[in-house]
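*Asks:* One letter stands for each residue in the lines below.
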Amino acid sequence: MSDKLINATNLKKSFNQFIAVDNIDLSVSRGEVVGFLGPNGAGKSTTMKMLTGFLEPDNGEIFINNINLKSDPLKAKEYIGYLPEGAPSYSDMIVADFLSFIGKMRGLNDNSLSNRLEEMANQINLKEMWNRPIETLSKGFKRRVGIAQALIHDPDILILDEPTDGLDPNQKHEMRNLIKRISTNKAIVISTHILEEVEAVCSRAVIISNGKLLANDTPKNLENKFLNKNTLSIKVSNKINNIFSKEIKSLLKYDDVKIQKTDISTHTLLVSDSKKNPNLNTVLKQISKLKLDVIEANFQKVSLEEIFRTITSENNSK
Amino acid sequence: MDNYLNKTYIILDRELKGYFRTPLASIFLLVFLALSSGMTFFLGRFFERDQADLTAFFSWHPWLFLVLMPAIGMRLWAEERRSGTIELLITLPVTNTQLVVGKFLASWIFTLIALILTMPIWITVNYLGEPDNHVILISYFGSWLMAGAFLALTSCLSALTKNQVIAFIISSISGFVLIMAGFNLVLSAVRSWSPNWITETISSMSFLSHFSRIQMGVFDLSTLVFFVSMIILCLWINVQLVQVKKAD
Chain A
481 MSDKLINATN LKKSFNQFIA VDNIDLSVSR GEVVGFLGPN GAGKSTTMKM LTGFLEPDNG
541 EIFINNINLK SDPLKAKEYI GYLPEGAPSY SDMIVADFLS FIGKMRGLND NSLSNRLEEM
601 ANQINLKEMW NRPIETLSKG FKRRVGIAQA LIHDPDILIL DEPTDGLDPN QKHEMRNLIK
661 RISTNKAIVI STHILEEVEA VCSRAVIISN GKLLANDTPK NLENKFLNKN TLSIKVSNKI
721 NNIFSKEIKS LLKYDDVKIQ KTDISTHTLL VSDSKKNPNL NTVLKQISKL KLDVIEANFQ
781 KVSLEEIFRT ITSENNSK
Chain B
116 MDNYLNKTYI ILDRELKGYF RTPLASIFLL VFLALSSGMT FFLGRFFERD QADLTAFFSW
176 HPWLFLVLMP AIGMRLWAEE RRSGTIELLI TLPVTNTQLV VGKFLASWIF TLIALILTMP
236 IWITVNYLGE PDNHVILISY FGSWLMAGAF LALTSCLSAL TKNQVIAFII SSISGFVLIM
296 AGFNLVLSAV RSWSPNWITE TISSMSFLSH FSRIQMGVFD LSTLVFFVSM IILCLWINVQ
356 LVQVKKAD
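These protein sequence lines map, in sequence, to chains A and B.
Take 481 as the starting number for the first sequence in the working numbering and just add one per residue.
Take 116 as the starting number for the second sequence in the working numbering and just add one per residue.
Do not rely on the hints blindly, as some may be mistaken.
To be verified - Dumping the calculated EDC-like pairs for lysine to aspartate or glutamate here, alpha-carbon to alpha-carbon at most 16 angstroms: (1) A:K584 x B:D128; (2) A:K619 x A:E598; (3) B:K361 x A:D743; (4) B:K132 x A:D572; (5) A:K584 x B:E130.
What the hints assert, rightly or not - So these bits of chain B aren't anywhere near chain A, every CB distance computed over 12 angstroms: (6) Y119; (7) L139; (8) S174; (9) L230; (10) L232; (11) D247; (12) I281; (13) P310; (14) F334; (15) I352.
Hints are computed from structural coordinates only; laboratory data are not their basis.
Glycine included, each C-beta is placed from N, C-alpha and C at the ideal position.
Generate the whole structure from the sequences, applying the supplied hints.
*Replies:* Written out as structure tokens, the structure is:
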């Protein structure tokens, strides 16, 4: 028995000649929030559709809470809450009726259904819209209704396809807080284009492009892996004019020294060398001779966004 | 089994209430009642015939259903596919068969409501004379059964497309073919080049020939088997189409 709530191996899916998902392995344990990242058409939604049982993979196996999705789909689907892309719902129904319909289909009895409906109204802030037809709701509220239907049976596994797409910054913030709140006892997979979302809520980032899994690690590890150790960045609180700039460059014995004005009172020195990585201690000692006041010194940080671009563009060029 | 039926019922309940959530139900019922009465009294010459029966009423049903059943059934799957809610449905712990049967039964029950609302005509004919109520009851049942076959056909074809208008058109055309299969004009054209058994088969597929027998009060097993197997076949194909076309 595996403690993985989702365990998918060698997933492959083609549409005619187009390979949408190509041998992807993915496992998610309880308490994990996995961010699914990738450009449009990378295969994120197709993978999610396979994990929820909407699409059957051409190859590979999916176990949901140790239940084979192919051989016992009805049992496996009971553990999953799913928000499809665009949060579709029956727009002519009122919120209460729609959630009640999904709850009943999920097998909740009258008692637990009314409890869960009340919890959803409070937890997802749907009270004021409770008796309104879904078609009259704003995009933000429609998305909340979508989340509520995915959560109505308190599933162990949540699969959310672009849960914050189209929301305003406040709504996005709310949605992320909600995901964080409920993530402790669930396995959650969210797909997104927004990298800050992954940094904010995900314990693991999975990068996918052209149907292939390119990276699968914590956002922190990915940053460390892609840390640019060739460029040393030193921020100083001094004004640096042209003459002073030349003096610094001649003192530091490295191939490339750039000095950029950060703001009115600070400058940043970018030190790199084609032959060897610059040594932080040596550089600091050298610039202390020039009485520069160092505020910050580190190897240049690479954002998750740059990592994403690097990885996916490398894959595309192949 | 209880759970299986329960979920089919939940689908049925949502669909049936869905008809009444929009003006669709009232418009449909109004049009159905207006057309069925209009055809009975004006085209069917109900009073001029001077006979205490409902032949003038029932004989128009195949033609009425040819347009109205696709209007009821066109949204069943086309709308789910267009709005993306099919993804919600398929990922719920239910089988495609439960979904297809639940939706079909909802539309069939809605048609039953429409037929029940025409009962004042039955009362009228009883007030005016002494009709054979046994024949009328059989005709009502036969009409509902035929409506079921039209609806199953529409439900099946609506799974082919995301567009309700296209679903309506292809369902009406297919229904027209199934009605016309019983016409002498069609049969004689086929008879001229094909063996007898083909003509017989085509004739036996006709909604019209089966329904005309029912109107005369003859409800034999072959008619029951024809309509029921037509419904089951269409729903079976419907289940397969949902499976194949869901992600298109």
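*Asks:* Taking the hints in turn, state whether each one holds.
*Replies:* Results for each hint:
no., hint, in the structure
1, A:K584 x B:D128, "holds, 11 angstroms"
2, A:K619 x A:E598, "violated, 22 angstroms"
3, B:K361 x A:D743, "violated, 56 angstroms"
4, B:K132 x A:D572, "holds, 11 angstroms"
5, A:K584 x B:E130, "holds, 14 angstroms"
6, Y119, "violated, 10 angstroms"
7, L139, "violated, 10 angstroms"
8, S174, "holds, 36 angstroms"
9, L230, "holds, 25 angstroms"
10, L232, "holds, 23 angstroms"
11, D247, "holds, 43 angstroms"
12, I281, "holds, 20 angstroms"
13, P310, "holds, 41 angstroms"
14, F334, "holds, 38 angstroms"
15, I352, "holds, 19 angstroms"
Taken one by one, the earlier hints fail for this structure at numbers 2, 3, 6 and 7, listed in ascending order.
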